[in-house]
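Novice: Chains as they are written, first to last, in full-length UniProt numbering: chain A, 1 to 319; chain B, 1 to 319; chain C, 1 to 319; chain D, 1 to 319.
Read the hints as simulated data drawn from the structure, not as lab findings. Among the clues, some could well be false.
Unchecked claim - Anything over 12 Å on all C-beta distances counts as not near chain B; from chain A, calculated: (1) T66; (2) D241; (3) N288.
Said to hold, decoys possible - Computed list of lysine to any residue pairs in SDA-like fashion (alpha-carbon distance at most 25 Å, straight line): (4) D:K226 to C:R243; (5) D:K38 to C:R243; (6) A:K38 to A:T113; (7) B:K226 to A:T228; (8) D:K77 to D:I60; (9) B:K206 to A:A71; (10) B:K226 to A:G212; (11) D:K280 to D:E298.
A virtual CB, placed ideally from N, CA and C, is assigned to each residue, including glycine.
There are 4 protein chains.
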Amino acid sequence: MNKIAVLTSGGDAPGMNAAIRAVVRRGIFKGLDVYGVKNGYDGLMTGNFIQMDLGSVGDILHRGGTILYSARSERFKTADGQQQALAQLMEVGIDGLVVIGGDGSFKGAGKLTAQGFPTIGIPGTIDNDIAGTDYTIGFDTAVNTAVEAIDKIRDTASSHERTYVIEVMGRDAGDIALWAGMCAGAESIIIPEANYEINDMIDRIKQGHERGKLHSIIVVAEGVCKGTDIGNMIEEKTGFDTRVAVLGHFQRGGSPTAYDRMMSSQMGAKAVDLLVEGKKGVMVGVKNGQLIYTPFEEAAKDRHTIDMSIYHLARSLSI
Amino acid sequence: MNKIAVLTSGGDAPGMNAAIRAVVRRGIFKGLDVYGVKNGYDGLMTGNFIQMDLGSVGDILHRGGTILYSARSERFKTADGQQQALAQLMEVGIDGLVVIGGDGSFKGAGKLTAQGFPTIGIPGTIDNDIAGTDYTIGFDTAVNTAVEAIDKIRDTASSHERTYVIEVMGRDAGDIALWAGMCAGAESIIIPEANYEINDMIDRIKQGHERGKLHSIIVVAEGVCKGTDIGNMIEEKTGFDTRVAVLGHFQRGGSPTAYDRMMSSQMGAKAVDLLVEGKKGVMVGVKNGQLIYTPFEEAAKDRHTIDMSIYHLARSLSI
Amino acid sequence: MNKIAVLTSGGDAPGMNAAIRAVVRRGIFKGLDVYGVKNGYDGLMTGNFIQMDLGSVGDILHRGGTILYSARSERFKTADGQQQALAQLMEVGIDGLVVIGGDGSFKGAGKLTAQGFPTIGIPGTIDNDIAGTDYTIGFDTAVNTAVEAIDKIRDTASSHERTYVIEVMGRDAGDIALWAGMCAGAESIIIPEANYEINDMIDRIKQGHERGKLHSIIVVAEGVCKGTDIGNMIEEKTGFDTRVAVLGHFQRGGSPTAYDRMMSSQMGAKAVDLLVEGKKGVMVGVKNGQLIYTPFEEAAKDRHTIDMSIYHLARSLSI
Amino acid sequence: MNKIAVLTSGGDAPGMNAAIRAVVRRGIFKGLDVYGVKNGYDGLMTGNFIQMDLGSVGDILHRGGTILYSARSERFKTADGQQQALAQLMEVGIDGLVVIGGDGSFKGAGKLTAQGFPTIGIPGTIDNDIAGTDYTIGFDTAVNTAVEAIDKIRDTASSHERTYVIEVMGRDAGDIALWAGMCAGAESIIIPEANYEINDMIDRIKQGHERGKLHSIIVVAEGVCKGTDIGNMIEEKTGFDTRVAVLGHFQRGGSPTAYDRMMSSQMGAKAVDLLVEGKKGVMVGVKNGQLIYTPFEEAAKDRHTIDMSIYHLARSLSI
């Protein structure tokens with residue numbers, strides 16, 4: 001292994017820059033040349049490579065987004081696209097590739113490895129929806145961003161004795177909703193992984209009201225339904241003044257939290273170490289607080305699971 | 001003047017607690033008894049009063065929302081409701097009332113003063129839409145909250161080379177949009193106070209794109225139209241990947257900024273001083289950086305005006 | 001188990017309120033009466049108890065500090081003080097006690113349990129210096145606070161091409177320094193758990209300077225020495241303009257991060273569950289991402305260990 | 001006027017980048033070529049110029065520090081240094097210079113103008129200590145940063161019933177201390193512009209304690225004395241547990257607030273407009289909320305004055 005490259009793919013997430021920095025610095029520390037690929041797989045197919053030196057990743061650890069840009073590529077899903085990418089990698093003499101992205105991105109990386117080219121995946125998405133890891137880059141920041149927004153809404157909810165329904169991101173996964181709801185003290189949390197009983201939710205709101213609660217906050221994952229759907233149901237069934245807030249794309253951005261910087265740095269360095277050790281076709285991850293790695297196929301077979309003990313705990317604490 | 005009361009009315013705004021604290025502490029400093037009225041005019045009619053001592057407003061200066069709660073009251077708009085309020089004030093022996101709220105709230109206060117009861121208004125709304133003052137409580141915090149959210153969205157916009165349309169609050173006024181747009185470096189700002197030319201906006205986006213800008217950010221005031229309307233138009237006319245973010249109710253909450261705390265404190269104290277001096281039926285305000293006061297009727301005649309020089313400046317800086 | 005009590009002891013930490021809320025709500029959920037003890041062990045000896053209902057812990061999840069106040073008590077260290085505390089607990093009929101604090105606090109709790117009274121400890125200190133757990137309440141918030149401050153200092157360091165030495169808290173442990181240094185991209189991190197070579201540090205600063213780095217940031221744990229000592233050494237040996245910033249007590253405060261809220265809630269609930277199950281004399285903790293518990297004596301025998309792999313990683317990434 | 005240049009000098013301040021952006025963009029908008037000078041007057045003497053295009057100031061509006069770097073130069077104070085600077089300006093054909101900095105920096109600019117070279121000053125320093133303007137770039141951000149830190153310390157102060165002395169920046173001016181103290185609800189504020197009576201301060205602390213206040217916060221400007229001096233006096237005279245926090249250099253950094261971005265943008269653009277109109281030797285400023293300009297000599301004659309009405313208001317509100 002002499003030359004490696006790194007790209008970001010899929011939706012951006014805070015901490016991706018920290019991971020890029022770690023790949024570059026660890027690579028150089030290990031005596032490798034490191035290249036950055038711009039615009040994800042698009043840049044891989046067109047040979048949009050730049051050599052990265054130590055200074056090229058200076059002052060990016062604390063920045064959201066990704067300095068390498070990210071994009072989704074339809075063409076890379078074709079055998080033709082993959083061949084072209086391999087040709088570009090050969091031309092520059094690159095021996096290994098680190099892909100920071102979601103499971104779609106790892107499918108692509110797996111295709112390259114199937115043809116013998118070493119790739120390592122790093123899970124990067126705010127949604128925490130990847131099997132084979134308890135944590136994905138950006139999740140901690142996204143949760144904190146959502147919690148801060150809900151804390152602010154609580155001021156208004158409390159001042160006006162209102163019910164608020166707050167829709168958060170997460171695609172098909174309820175992790176952001178579950179964490180944000182638990183950490184913001186939501187009365188109910190509605191996630192795809194648990195059936196919700198509208199009557200149960202209504203009962204909880206009414207009980208809270210009866211014991212003098214000044215506001216109710218319901219957090220709903222975008223993977224379940226629109227926040228307005230829930231809001232309308234509540235207003236209809238309780239008559240309480242109910243408002244809906246959709247926390248949008250700002251959940252994807254911002255300076256990464258300490259935890260996101262730490263884990264991104266560790267996973268970035270680990271990816272390089274694995275390449276140097278001759279590993280390929282695996283995704284770095286975190287399980288029970290430890291860095292691990294899993295073959296892409298194995299991760300792809302599983303479905304990401306959510307920690308339902310948090311769900312039940314949240315219910316017992318928001319009585 | 002021996003006993004005064006204070007209430008918050010209309011939408012809550014960060015800094016209202018700082019103003020309440022200032023009214024209470026300044027009142028006691030001036031030798032007055034001070035009462036808080038809960039739930040705005042509703043509490044005024046039902047006599048929901050509590051005497052406030054120095055400690056009752058401890059540790060609230062930095063909190064969003066309003067510890068006195070706020071509500072809109074239809075009944076207070078009737079002569080009957082106003083009589084009832086006056087009766088409650090008499091019963092406790094209250095001589096003067098400070099109303100923190102928007103222009104609807106001042107209309108109500110004016111009705112009491114028309115019957116001889118001294119009232120002073122303090123402009124409290126994040127929208128900055130009140131005539132007779134350059135600034136309303138909560139505006140600075142709301143602008144900063146919007147700017148921080150747009151800064152985060154910029155990370156994603158830049159990483160994905162996207163156009164973002166961001167809808168901000170402000171009711172019929174464009175002040176939040178104008179300040180947030182200027183301070184976040186938006187390419188275009190769409191406000192009710194200026195006609196917007198869709199073609200001009202499109203041209204600016206395209207020009208930016210041509211000179212290599214990685215993203216375009218368009219800020220639109222909710223008083224103009226839905227963000228999605230603008231987003232659809234842009235996508236149709238440019239073909240660029242365009243996303244819409246509606247910054248919702250979290251713009252109303254949060255810990256007030258230093259400026260909001262400072263001005264709320266000054267206006268709260270000024271309201272008490274005016275009552276003590278025998279003034280009534282006036283709203284405290286800020287003009288050219290100075291504390292002033294204006295009769296309710298005079299303020300009601302005017303319309304709040306926006307500083308269009310900022311609008312033109314923003315256009316020259318976002319080329 | 002019918003009645004339990006909860007107190008906070010030692011230095012306050014963000015998340016203590018979240019833990020108190022969890023103890024109260026989980027206790028009531030389990031059918032118990034729950035009491036709060038004010039001012040730590042002082043209040044235990046004087047019977048400063050208040051019964052807590054669901055609403056008493058409303059709106060505190062997101063607040064720093066501790067609503068039960070905290071204090072250090074010399075008298076409770078005596079057999080006499082402990083007898084008095086037991087007498088007070090008997091009088092109210094309390095069956096179990098949850099102590100949120102540091103290892104000094106657990107020593108006290110152990111004394112009560114040695115006399116047969118059930119106590120459970122929850123590790124609460126920003127310093128992360130307690131054996132038997134990977135995490136203590138407030139650590140995540142303190143690290144983020146330190147990182148945000150260093151991010152700001154970096155602006156100035158970079159604008160003026162300066163070296164900054166930043167002293168962070170942590171008492172005898174280097175955890176805050178290690179995390180903050182890693183997450184803020186410090187050139188060198190000086191912690192009690194590793195010998196530091198002043199020449200090595202100087203070499204790193206000079207090398208960075210030679211390859212064009214605009215600033216160097218050195219993070220030093222208060223447990224090693226004063227920041228000014230390091231600053232003077234650097235200035236003497238390099239001649240570079242060097243400034244020192246001591247991040248003081250604001251590291252202890254602030255609204256807890258999502259992670260601190262989550263773990264505090266889990267540990268608070270776990271403490272109640274353990275009391276109900278009949279456990280006593282144990283501390284709740286987190287190991288490898290899982291909630292565990294350890295007898296006080298066992299925890300007391302060990303010394304908290306730091307994750308040196310982070311230290312070595314940081315060195316390889318800040319080349 | 002065809003070619004202008006801009007430099008930053010003295011201590012950096014949040015909003016300097018926003019001002020640089022405004023100078024560059026407004027200059028280009030007005031048809032000028034704009035150059036950036038690196039490292040303040042040092043770069044002026046060595047001809048360290050770079051031409052700035054629209055993109056060169058993209059994505060800097062929200063960043064602290066200064067992309068042009070800043071430095072203090074002894075040599076530029078000599079006639080020789082000034083001649084050299086003029087020679088460099090001639091060589092590139094630059095017709096006008098915008099200097100962002102403090103009054104020391106304007107003295108330098110005045111020397112160039114005395115020799116016929118047009119210069120315009122923009123007040124940039126967090127200290128707000130410049131005569132001829134009510135506001136300097138970075139002041140609003142620095143105050144907010146200090147207030148946020150004090151808010152955090154209040155959590156601990158309140159949990160432990162302690163007195164805290166907090167030393168803030170400001171050089172010889174008390175503005176940061178006055179605003180931060182007022183906005184954070186400090187019991188006493190100690191500034192160079194007002195004599196402080198130690199006994200009066202002690203009385204206020206004791207009175208607060210008697211009426212049940214859980215903490216006292218004293219803010220002291222660095223221009224008066226060390227925070228520890230005050231802390232020692234308080235502890236000696238009251239016996240209360242007193243801690244000192246020195247808010248250091250992080251007050252200089254961070255992303256600028258909305259107000260700082262707005263005023264920096266307006267002042268940057270105004271400076272260009274003034275150059276184009278043929279003005280020279282003047283400093284842009286803000287008086288009573290309006291943009292104004294003042295000849296350097298006139299500003300130099302006056303001393304910056306602080307708004308003592310805030311001081312007296314703060315005393316009446318912190319009873």
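Novice: Mind verifying the non-interface call on T66 (chain A)? Its CB should be farther than 12 Å from each CB in chain B.
Specialist: 5 Å, violated
Novice: Please work out if K206 (chain B) and A71 (chain A) have their alpha carbons no farther apart than 25 Å.
Specialist: Within the cut-off at roughly 20 Å; holds.
Novice: K226 (chain B) and G212 (chain A): Cα distance at most 25 Å?
Specialist: 36 Å, violated
Novice: Under the criterion that the straight-line Cα-Cα distance not exceed 25 Å, is the pair K226 (chain B), T228 (chain A) satisfied?
Specialist: 16 Å, holds
Novice: For D241 (chain A), is the shortest CB-to-CB distance to chain B above 12 Å, so the non-interface label stands?
Specialist: 10 Å, violated
Novice: For a C-alpha distance cap of 25 Å, please report whether K38 (chain A) and T113 (chain A) respect it.
Specialist: 20 Å, holds
Novice: Given the hinted pair K280 (chain D) and E298 (chain D), is their Cα-Cα distance within 25 Å?
Specialist: 13 Å, holds
Novice: Just checking, N288 (chain A) versus chain B, shortest CB gap more than 12 Å?
Specialist: With a cut-off of 12 Å, N288 (chain A) remains clear of chain B, as the shortest Cβ separation is near 31 Å.
Novice: Does the structure keep K38 (chain D) and R243 (chain C) at a Cα separation of 25 Å or less?
Specialist: Holds, because 22 Å separates the two Cα atoms, which is no more than 25 Å.
Novice: Given the proposed pairing of K226 (chain D) with R243 (chain C), does the C-alpha separation stay at or below 25 Å?
Specialist: Holds - the C-alpha atoms of R243 (chain C) and K226 (chain D) are around 17 Å apart, at most 25 Å.
Novice: Starting from K77 (chain D), check that the Cα of I60 (chain D) is at most 25 Å away, please.
Specialist: The hint is violated at about 30 Å.
Consistency with the previously given hints fails for numbers 1, 2, 8 and 10, ordered from lowest to highest.
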